[in-house]
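Residue-level listing of the chains:
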Amino acid sequence: MNDLRELYQEVILDHSKHPKNYHKMEDATHVAEGYNPLCGDHFNLYLKVEDGIIKDVSFLGAGCAISKASASIMTSIIKGKSIEDAEKIFQNFHSLVTGKIDKNFDINSLGKLAVFSGVSEYPVRVKCATLAWHTLINALKNKPGITSTE
Amino acid sequence: MNNTDLKNIKHQKSLDVYKIREDFPILETLVRGKPLVYLDNSATTQKPRCVIERMTRYYELENANVHRGVHRLSEIASQEYENAREVVREFLNAESVEEIIFVRGTTEAINLVANTFGKSFIKEGDEIIISEMEHHSNIVPWQILCEEKKAKLKIIPFNDKGELILSEFEKLISDKTKFVSIVHISNSLGTINPVKKIIDIAHHYEIPVLIDGAQSIMHTEIDVQDLGCDFFVFSGHKLFGPTGIGILYGKKNILEKLPPYQGGGDMIKSVTFEKTIYNDLPWKFEAGTPNIVGAIGLSEAIKYVKSIGYESITVYENELLEYATNRLKQIPSLRIIGEASTKGPIISFIIENIHPHDIGTILDFEGIAIRTGHHCTQPVMKHFNIPATARASFTFYNTKEEIDKLVEGIQKVIKVFS
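For the record, the sequence lines run as chains W and Y.
Under our numbering, the residue at position 137 of the first sequence is numbered 131, and the numbers go up by one with no gaps.
For our numbering, count along the second sequence from 1 and bump the result up by 12.
None of these hints come from the bench; they were simulated from the model.
Since the model is a prediction, treat every value here as computed from it, not as a measurement.
Heads up, the beta-carbon is just placed ideally off N, CA and C, and yes, glycines get one too.
Please note that the accuracy of each hint is not assured.
Lysine-lysine pairs mimicking DSS-like chemistry, simulated, CA-CA at most 27 Å apart [claimed, not checked]: (1) W:11 x Y:427; (2) W:82 x W:49; (3) Y:427 x W:14; (4) Y:341 x W:11; (5) Y:424 x W:106; (6) Y:162 x Y:394; (7) W:18 x W:73; (8) Y:427 x W:106; (9) Y:424 x Y:412; (10) Y:394 x W:11; (11) Y:208 x Y:183; (12) Y:264 x Y:341; (13) Y:161 x Y:131; (14) Y:394 x W:18; (15) W:42 x W:73; (16) W:11 x W:49; (17) Y:417 x Y:46; (18) Y:209 x Y:173; (19) Y:209 x Y:263; (20) W:18 x W:106; (21) Y:424 x W:11; (22) Y:173 x Y:183; (23) Y:173 x Y:315.
Sample of chain W residues facing chain Y (criterion: CB under 8 Å; computed from the structure) [unchecked claim]: (24) 16; (25) 33; (26) 34; (27) 56; (28) 57; (29) 58; (30) 116; (31) 119; (32) 120.
With the hints as extra help, turn the sequences into a complete structure.
In structure tokens:
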């Protein structure tokens, strides 16, 4: 990939500059902190889960464009989804950014997440793209402590 | 000396960067279809052809284990390994080869001193002084030691320009202070610390001093006797030599008092189950088969650097630093982190609203290699309340044209995020 726009797509730049669901949630049922020591990306993730459904989700923190956009797009995609569906989406997303996606898989079914396909060419940036997702999984499991990508 | 004399000296000493670049095969590489612009020299330096060829020749014609065999190849290998030690001794102007210990690198050298000096001389309540701008490798070994011995770590702070506050250093010294360990040139700020002054102050109170020369060795001539330091440590790979080899210089009278670091072959004179007699210096600290080819490669690198000469290296690198600083300062949203009055050719910077990792990735599209992150100096990042910086570090094979490319690249980064 020689065009940097394939990695830094407009959608990614937009979300990093104007992240969605970017606020603290006072009545969250699940909270988790994600940290990437390599680059200092640091996010707090807030979830409101009722009957296995993610009713609301938000985040706050600082990081690179890839990690911030990924967190922003994640929150808009998982809102209203069941925990099981969210986990399934993460599995597919993880395969996408690590370049392990099945040839027959329809990338468009991932919706906006497809814009991260360029990340697979940058192994060191995979952690940026997946930080929010790993934090989400730990939040859902109520795993204590900070989610670290290291 | 009048101006004409100065000009003449400068003229005589000026180095031919384009000729030097031909010595480094990797500089002809294309990255993403573009000529490599390598500005990550603080992380590791590239290797000149003479080093690569010397190491190949060793493996092709001379390879054997050292200090053991009676056969011809072992004799050659032992000779070359010990010759390398002499090259290092002369390079640092150490008094004797007994003071030159081959280690894996700066980190191992500091660990060796923290372990052995710590074991013998640090006890509960003692204090060790380091600074706020140390690399993690000059923090963590001392922290481990302090935890073990219930000793205390004291920190010399730096000001917002990135200069150590020496008056605070003197205030930290007490009769409990047993060791001072300080970085010569900061890898994340570029600051050249007044190490000679620090050593003088510490020695006034008879406190031994270790100087971490990881970043200074490729930029400054080191004379350990002139500096007066008790220990000086550096890595070969930051001096155009191979990875996995480094040097611990220690004053003989102190090294003699230290217990061994690791036990094994080569560091002993005789072994019985009742008693082992340790080898003499420097081998006492070199257990196991050493990095023979690494030592030989390092010695070749030293010869190469000497052939260029530190005088012309310093003059040229200062020109690069000044040029790059001036050009980067013209970018309004860019802020340089580390503005000490004396700096090595290292520039850390941040750009408003753009994370250093995004800067690094976009520059990579242009074939420009810089470092991004906390540079293993998290306390420095904390001081400035930033998670990371982007860092361009130069050496004598870099050119002003490459700095122009860096500036163009940064302008592109800013455009992408505008």
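Tested hints:
About 14 Å separates the Cα atoms of residue 11 of chain W and residue 427 of chain Y, which keeps this hinted pair within 27 Å; it holds. Between residue 82 of chain W and residue 49 of chain W the CA atoms are separated by roughly 17 Å; this keeps the pair inside 27 Å, and the hint holds. At most 27 Å may separate the alpha-carbon atoms for a hinted pair to count; residue 427 of chain Y and residue 14 of chain W meet this at roughly 23 Å. Straight-line distance between C-alpha atoms of residue 341 of chain Y and residue 11 of chain W comes to about 25 Å, which keeps the hinted pair within the 27 Å bound.
The hinted pair formed by residue 424 of chain Y and residue 106 of chain W meets the criterion: a straight-line CA distance of about 26 Å does not exceed 27 Å. Restraint check: the Cα-Cα separation between residue 162 of chain Y and residue 394 of chain Y comes to about 26 Å, which is no more than 27 Å; the hinted pair holds. For the proposed pair residue 18 of chain W and residue 73 of chain W, the alpha carbon gap of about 15 Å is at most 27 Å, so the pair holds. Restraint check for residue 427 of chain Y and residue 106 of chain W: the C-alpha separation of about 24 Å stays at or below 27 Å, so the hint holds.
Simply put, residue 424 of chain Y and residue 412 of chain Y have alpha-carbon atoms about 18 Å apart, close enough for the 27 Å limit, and the pair holds. Pair hint residue 394 of chain Y plus residue 11 of chain W holds up; C-alpha atoms about 24 Å apart against a cutoff of 27 Å. Between the alpha carbons of residue 208 of chain Y and residue 183 of chain Y the distance comes to roughly 18 Å, so the proposed pair stays at or under 27 Å and holds. For the hint pairing residue 264 of chain Y with residue 341 of chain Y, the CA-to-CA distance comes to about 47 Å; that exceeds 27 Å, so the pair is violated.
For the given pair, residue 161 of chain Y sits about 9 Å from residue 131 of chain Y by alpha-carbon distance, which is consistent with the 27 Å threshold. Proposed proximity of residue 394 of chain Y and residue 18 of chain W is supported: the alpha carbons are some 24 Å apart, at most 27 Å. Our distance criterion of 27 Å between C-alpha atoms is met by residue 42 of chain W and residue 73 of chain W, whose separation comes to about 9 Å. For the proposed pair residue 11 of chain W and residue 49 of chain W, the alpha carbon gap of about 25 Å is at most 27 Å, so the pair holds.
Proximity of residue 417 of chain Y to residue 46 of chain Y is assessed by CA-CA distance (about 11 Å); at most 27 Å being required, the pair is judged to hold. Note on residue 209 of chain Y and residue 173 of chain Y: the hinted pairing holds, with a Cα-Cα distance of about 19 Å set against a maximum of 27 Å. For the given pair, residue 209 of chain Y sits about 18 Å from residue 263 of chain Y by alpha-carbon distance, which is consistent with the 27 Å threshold. Annotation: proposed proximity of residue 18 of chain W to residue 106 of chain W holds, straight-line Cα distance about 24 Å (limit 27 Å).
Between residue 424 of chain Y and residue 11 of chain W, the direct Cα distance comes to roughly 17 Å. Compliance with the 27 Å bound is thereby established for this hinted pair. Using a Cα cut-off of 27 Å, the hinted pair residue 173 of chain Y and residue 183 of chain Y holds, with the two alpha carbons roughly 21 Å apart. Taking the CA atoms of residue 173 of chain Y and residue 315 of chain Y, the gap is about 35 Å. The hint is violated against a cut of 27 Å. Because the smallest distance between the Cβ of residue 16 of chain W and any Cβ of chain Y comes to about 14 Å, over 8 Å, the interface hint for this residue is violated.
The beta carbon of residue 33 of chain W comes within 5 Å of a beta carbon in chain Y, closer than 8 Å, and the hint placing it at the interface holds. The beta carbon of residue 34 of chain W is positioned within 8 Å of a beta carbon in chain Y (closest approach about 3 Å), and the interface hint is therefore held. Because the smallest distance between the Cβ of residue 56 of chain W and any Cβ of chain Y comes to about 7 Å, under 8 Å, the interface hint for this residue holds. Interface restraint check for residue 57 of chain W: the shortest CB-CB distance to chain Y comes to about 6 Å, inside 8 Å, so the restraint holds.
Restraint check, residue 58 of chain W versus chain Y: the minimum CB separation of about 4 Å is within 8 Å; hint holds. The beta carbon of residue 116 of chain W comes within 7 Å of a beta carbon in chain Y, closer than 8 Å, and the hint placing it at the interface holds. Hint on residue 119 of chain W holds. Least Cβ distance to chain Y is approximately 7 Å, under the 8 Å limit. Hint status for residue 120 of chain W: violated, given a least beta-carbon distance of 12 Å to chain Y, over 8 Å.
Comparing the model with each earlier hint shows violations of hints 12, 23, 24 and 32; every other hint is respected.
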